[in-house]
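Student: So you can see what is in the structure, the chains are spelled out below.
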Amino acid sequence: MSIRLTTTAAVALLTVAAPALARDQINIVGSSTVFPFSTTVAERFGKSTNFKTPVVESTGSGGGLKLFCAGVGEKFPDITNASRRIKSSEVERCATNGVKDIVEVMIGFDGIAFANSTQAAQMSLSLRDIFLALAKNVPNGDGTTQPNPYSTWNQVNPELPEVKIEVLGPPPTSGTRDAFAELAMEGGCKSFDWIKALKKSDKPAYKSLCHTLREDGAYIEAGENDNLIVQKLQANSAAFGIFGYSFLEQNSDVVQGSTVNGVAPEFEEIAGGNYPIARSLYFYVKKAHIGMIPGIQEFLGEFTAEDTWGDEGYLADKGLIPLSTSERKVWADKIDALIPLDM
Amino acid sequence: MIDLTKKAGFGLDQRHRAEQRFQWAGKLAIATSLLFLLVMVGSIVTDASGVLRQTQIAVDLDLGPENVNPSNPQAASYGRIVKSSLRDMFPEVTRRKDKKRLYNLVSPEGSFEIAAMVTDNPALLGSVQTLWLTASDDLDLFLRGKVDISLPPKQRRISDAEITWIKILEDGGQLRRVANWGFLSSGDSREPEIAGILSALIGSAFSLAVCFALSFPIGIGAAIYLEEFAPANRISDLIEVNINNLAAVPSIVFGLLGLSVFLGVMGLPRSSPLVGGMVLALMTLPTIIIAARAALRSVPPSFKEAALALGASPVQAVFHHVFPVAMPGMLTGAIVGMAQALGETAPLLMIGMVAFIVDIPDSVLEPATALPVQIFLWADSPERAFTEKTAAAIIVLLIFLICMNLIAILLRRKLEQRF
Chain A
1 MSIRLTTTAA VALLTVAAPA LARDQINIVG SSTVFPFSTT VAERFGKSTN FKTPVVESTG
61 SGGGLKLFCA GVGEKFPDIT NASRRIKSSE VERCATNGVK DIVEVMIGFD GIAFANSTQA
121 AQMSLSLRDI FLALAKNVPN GDGTTQPNPY STWNQVNPEL PEVKIEVLGP PPTSGTRDAF
181 AELAMEGGCK SFDWIKALKK SDKPAYKSLC HTLREDGAYI EAGENDNLIV QKLQANSAAF
241 GIFGYSFLEQ NSDVVQGSTV NGVAPEFEEI AGGNYPIARS LYFYVKKAHI GMIPGIQEFL
301 GEFTAEDTWG DEGYLADKGL IPLSTSERKV WADKIDALIP LDM
Chain B
1001 MIDLTKKAGF GLDQRHRAEQ RFQWAGKLAI ATSLLFLLVM VGSIVTDASG VLRQTQIAVD
1061 LDLGPENVNP SNPQAASYGR IVKSSLRDMF PEVTRRKDKK RLYNLVSPEG SFEIAAMVTD
1121 NPALLGSVQT LWLTASDDLD LFLRGKVDIS LPPKQRRISD AEITWIKILE DGGQLRRVAN
1181 WGFLSSGDSR EPEIAGILSA LIGSAFSLAV CFALSFPIGI GAAIYLEEFA PANRISDLIE
1241 VNINNLAAVP SIVFGLLGLS VFLGVMGLPR SSPLVGGMVL ALMTLPTIII AARAALRSVP
1301 PSFKEAALAL GASPVQAVFH HVFPVAMPGM LTGAIVGMAQ ALGETAPLLM IGMVAFIVDI
1361 PDSVLEPATA LPVQIFLWAD SPERAFTEKT AAAIIVLLIF LICMNLIAIL LRRKLEQRF
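Keeping their order, the protein sequence lines are chains A and B.
The opening position of the first sequence corresponds to residue 1 in the working numbering, with each subsequent residue numbered one higher.
The opening position of the second sequence corresponds to residue 1001 in the working numbering, with each subsequent residue numbered one higher.
Read the hints as simulated data drawn from the structure, not as lab findings.
Ideal Cβ placement from N, Cα and C applies to all residues, glycine included.
Incorrect hints may have been included.
[Unchecked claim] Once the Cα atoms are required to be at most 16 Å apart in a straight line, the calculated EDC-like pairs of lysine to aspartate or glutamate come out as: (1) A:Lys52 to B:Asp1359; (2) B:Lys1099 to A:Glu312; (3) B:Lys1097 to A:Glu312; (4) B:Lys1154 to A:Glu249; (5) B:Lys1154 to B:Asp1098; (6) A:Lys329 to A:Glu186; (7) A:Lys52 to B:Asp1362; (8) B:Lys1099 to A:Asp311; (9) B:Lys1100 to A:Asp311; (10) B:Lys1146 to A:Asp253; (11) B:Lys1154 to A:Glu266; (12) A:Lys47 to A:Asp253; (13) A:Lys318 to B:Glu1109; (14) B:Lys1097 to A:Asp311; (15) B:Lys1100 to A:Glu104; (16) B:Lys1083 to A:Asp307; (17) A:Lys66 to A:Glu92; (18) B:Lys1097 to A:Asp317; (19) A:Lys47 to B:Asp1098; (20) B:Lys1100 to A:Glu312; (21) A:Lys232 to B:Asp1380; (22) A:Lys47 to B:Glu1109; (23) B:Lys1083 to A:Glu266; (24) A:Lys47 to B:Asp1380; (25) A:Lys318 to B:Glu1191; (26) A:Lys207 to A:Glu186; (27) A:Lys318 to A:Glu249; (28) B:Lys1100 to B:Asp1088; (29) A:Lys318 to B:Asp1380; (30) B:Lys1154 to A:Asp253; (31) A:Lys47 to B:Asp1359; (32) B:Lys1097 to A:Glu268; (33) B:Lys1099 to A:Glu302; (34) B:Lys1100 to A:Asp317; (35) B:Lys1154 to A:Glu268.
[Stated by the list, open to error] Where chain B lies over chain A, by a calculated footprint (3+ residues, C-beta under 8 Å): (36) 23-34; (37) 87-93; (38) 257-271; (39) 310-318.
Just chain A, with the same shape it has in the complex (with noise of 0.2 Å):
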């Protein structure tokens, strides 16, 4: 047996990976909601120039953006993607490690749907009807709190069918979780005027108050994926998911979104700021990089092309809600002066 060869050549392997190679092809990590926008822009430009094609990671934004702060150099991420905005102590993270210039773009918008299936009638719901079928504690009506008790539809909403009240969504890992409590919970929590009175004078207890899920079963975890929330709604035509909109479009045929507040998770609606539930979607680019990994100015060109992120782009075609038009004049500009992120 020749042992002798083959732990010479793990040896030589090792050998030869020694010496760090120049990388010559642009790094991106970061938020698995931005990443088949950023993944069909990569492939296109791997395509369409004479770059190599960007290494897309998925990895969550605040994963990416750890990796993305570690430092400046090959080693590191060149770009990052995030569905959330860069927090002021990530910012002063990247700082510590040197890396002073970040430039930030906005891609687009994300909306959220809360759907169920179309074997069952739509749902109209408010933010306010929304809020109280999911929070852990809801007003009790003399300005106080109680253990959420509704346990079908009708109870939070006389308005409402008499159906159990069910809810698949994302586990709290998840980038679409947070941004589905900021803009759907604490929306419907702040329609109290009392609650929003708290929110002036004690932050923390708004803030649990309005952002933490109910966890006696009705509000269910049901994991990263989407297409699994669209495969258990088809089986359970009495519950309801939490995705986002790529995959509503996708199986309009299956699942159907409720309205929101009267607007319904609808392209135009969405991209015209009157669905209530929607999203930015950012990545972030690392300027010290620029110039030394080749193809990250044109990447940026490629992507803030009116042919990729305009209203008729291709990332249209794949479920990105485009800005307006003014907005992608404003940061194609400022993207192509490479200022940086200032905060």
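Please build the complex by placing chain B on the supplied structure of chain A, with the hints as guidance.
Tutor: Relative to the frame of chain A, chain B by itself:
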């Protein structure tokens, strides 16, 4: 004596019946698990069958000098040529929104396909040519009856207008279904109609090669020393306990170790199969060591004793007489470990192999992904057509696994000692 026979015969029927019951229960258990396996494999195979063929659409393209500069054909805008050809085919389409739907019949890959065809065969330039281009995933799904046209138009991906166009194309013989070799010969893509498995397959093969090259010699060496030469003392006991514990450590921990040591300290390239293989090697080492030690222990001690009695040194006795007999068992252990490594995604996440990679890696230093990662990424994609790709990728993974096991069985047959 008589008492004893009576006692032996006591309840004989009952005991026979008990045995029968047990045997039936056993058969039932096997039948049930076979049924589950059949249902699982069956559903995967039916899902994957859609990947075998892909739809192509014939488009008349004007490749004249006003559209394509013959001296620099790569610079031409083939996307625009495809769009104008589609407009010529259906001149009644005028609304912006409808035009967009019309353009969506052809895959976005179409323009790159024309560029490749023109490069291969410059004779195409200068006139109008009818070329077969890959059709979009929506068109493909519709042709295969995967779109329920009884639903209201708002609830399906194909509108009534598109159905009319497709019918016209079909009647004109401008649609055809061909074998989809691209699935095996190209890398990943965000367009399901052209996404392929090759980059992931090669990434897995590279990672496993590195994993085997590292873990097998180290694992076997460690096992031989620990089993045959190490003095029986506290330190040996401690090492043994630790190896057994390591075998049960969650695999993500090895990924974290890889991130801090291989990427952080040693500075090896991120997302590379080299680092992936090294992390997987760490993960499989305990399995290989434990299996190899068991194989060595199962060799009758008389072999070693006879060799020692005839004057062989302990090293000679082990390497000439014990090791060859234990080799098949060690190989089995190694294959079990490698099969585990093949299915891992968690440790690869930390070292950047859970990534979208289009280019097919040429060496272990270039970014690559792995088969289970590809399955995970496709299962997570919104496009409906990726469901079939996911199932097909699972089948490729299973075939890879079967091939690995087959090689192990053949090697074992060859190395087996007869006595």
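Student: Work down the list of hints and note, for each, if the structure agrees.
Tutor: Verification of the hints:
At most 16 Å may separate the alpha-carbon atoms for a hinted pair to count; A:Lys52 and B:Asp1359 meet this at roughly 8 Å. For the suggested pair B:Lys1099 and A:Glu312, the alpha carbons sit about 11 Å apart, so the restraint of at most 16 Å is met. Proposed proximity of B:Lys1097 and A:Glu312 is supported: the alpha carbons are some 9 Å apart, at most 16 Å. For the suggested pair B:Lys1154 and A:Glu249, the alpha carbons sit about 10 Å apart, so the restraint of at most 16 Å is met.
Between B:Lys1154 and B:Asp1098, the direct Cα distance comes to roughly 14 Å. Compliance with the 16 Å bound is thereby established for this hinted pair. A hinted pair counts as satisfied when its Cα atoms are at most 16 Å apart, and A:Lys329 with A:Glu186 does not qualify at roughly 31 Å. As the CA atoms of A:Lys52 and B:Asp1362 are separated by approximately 13 Å, the hinted pair is consistent with the 16 Å bound. Among the hinted pairs, B:Lys1099 with A:Asp311 is consistent with the structure: their alpha-carbon atoms are about 14 Å apart, no more than 16 Å.
The straight-line distance between the Cα atoms of B:Lys1100 and A:Asp311 is roughly 12 Å, inside the 16 Å bound, and the hint therefore holds. Restraint check for B:Lys1146 and A:Asp253: satisfied, since their Cα atoms lie roughly 11 Å apart, inside the 16 Å limit. In summary, the hint linking B:Lys1154 to A:Glu266 is supported, as the alpha carbons are separated by about 11 Å, within the 16 Å threshold. With a C-alpha separation of about 33 Å, the suggested pairing of A:Lys47 with A:Asp253 is violated against the 16 Å cut-off.
Straight-line distance between C-alpha atoms of A:Lys318 and B:Glu1109 comes to about 15 Å, which keeps the hinted pair within the 16 Å bound. Distance hint between B:Lys1097 and A:Asp311 is fulfilled; the C-alpha atoms sit about 11 Å from each other, no more than 16 Å. Taken as a hint, the B:Lys1100 and A:Glu104 pair is broken in the structure, with Cα atoms around 31 Å apart against an allowance of 16 Å. A C-alpha spacing of about 14 Å is found between B:Lys1083 and A:Asp307, which places the hinted pair at or below 16 Å, so the restraint holds.
A hinted pair counts as satisfied when its Cα atoms are at most 16 Å apart, and A:Lys66 with A:Glu92 qualifies at roughly 12 Å. Taking the CA atoms of B:Lys1097 and A:Asp317, the gap is about 12 Å. The hint holds against a cut of 16 Å. At roughly 27 Å between alpha-carbon atoms, A:Lys47 and B:Asp1098 are farther apart than 16 Å, so this suggested pair is violated. The suggested pairing of B:Lys1100 with A:Glu312 holds, with an alpha-carbon distance near 8 Å, which does not exceed 16 Å.
Distance check on the hinted pair: A:Lys232 and B:Asp1380 sit about 15 Å apart at the alpha-carbon level, within 16 Å; holds. Taking the CA atoms of A:Lys47 and B:Glu1109, the gap is near 9 Å; set against the 16 Å cutoff, the hint holds. Taking the CA atoms of B:Lys1083 and A:Glu266, the gap is near 27 Å; set against the 16 Å cutoff, the hint is violated. Between A:Lys47 and B:Asp1380, the direct Cα distance comes to roughly 24 Å. Violation of the 16 Å bound is thereby established for this hinted pair.
Taking the CA atoms of A:Lys318 and B:Glu1191, the gap is near 10 Å; set against the 16 Å cutoff, the hint holds. Restraint check: the Cα-Cα separation between A:Lys207 and A:Glu186 comes to about 8 Å, which is no more than 16 Å; the hinted pair holds. Taking the CA atoms of A:Lys318 and A:Glu249, the gap is about 9 Å. The hint holds against a cut of 16 Å. Restraint check for B:Lys1100 and B:Asp1088: satisfied, since their Cα atoms lie roughly 14 Å apart, inside the 16 Å limit.
A hinted pair counts as satisfied when its Cα atoms are at most 16 Å apart, and A:Lys318 with B:Asp1380 qualifies at roughly 14 Å. Proposed proximity of B:Lys1154 and A:Asp253 is supported: the alpha carbons are some 8 Å apart, at most 16 Å. Distance hint between A:Lys47 and B:Asp1359 is fulfilled; the C-alpha atoms sit about 10 Å from each other, no more than 16 Å. Only pairs whose Cα atoms come within 16 Å are accepted, and B:Lys1097 paired with A:Glu268 is accepted, the gap being roughly 13 Å.
Annotation: proposed proximity of B:Lys1099 to A:Glu302 is violated, straight-line Cα distance about 23 Å (limit 16 Å). Distance check on the hinted pair: B:Lys1100 and A:Asp317 sit about 10 Å apart at the alpha-carbon level, within 16 Å; holds. For the suggested pair B:Lys1154 and A:Glu268, the alpha carbons sit about 14 Å apart, so the restraint of at most 16 Å is met. Coverage of a stretch by a chain is defined here by at least three residues with a beta carbon nearer than 8 Å to that chain's beta carbons; for the region 23-34 of chain A and chain B the count is 5, and the condition holds.
Residue count for the region 87-93 of chain A with a Cβ under 8 Å from a Cβ of chain B: 0. That is fewer than the three needed, and the coverage hint is violated. Closer than 8 Å: that is the beta-carbon criterion, and the region 257-271 of chain A has 0 residues meeting it against chain B, so the requirement of 3 is violated. Using a Cβ-Cβ cut-off of 8 Å, 4 residues of the region 310-318 of chain A lie near chain B, which meets the minimum of three, so the contact claim holds.
Hint compliance for this structure: hints 6, 12, 15, 19, 23, 24, 33, 37, 38 are broken, all remaining hints hold.
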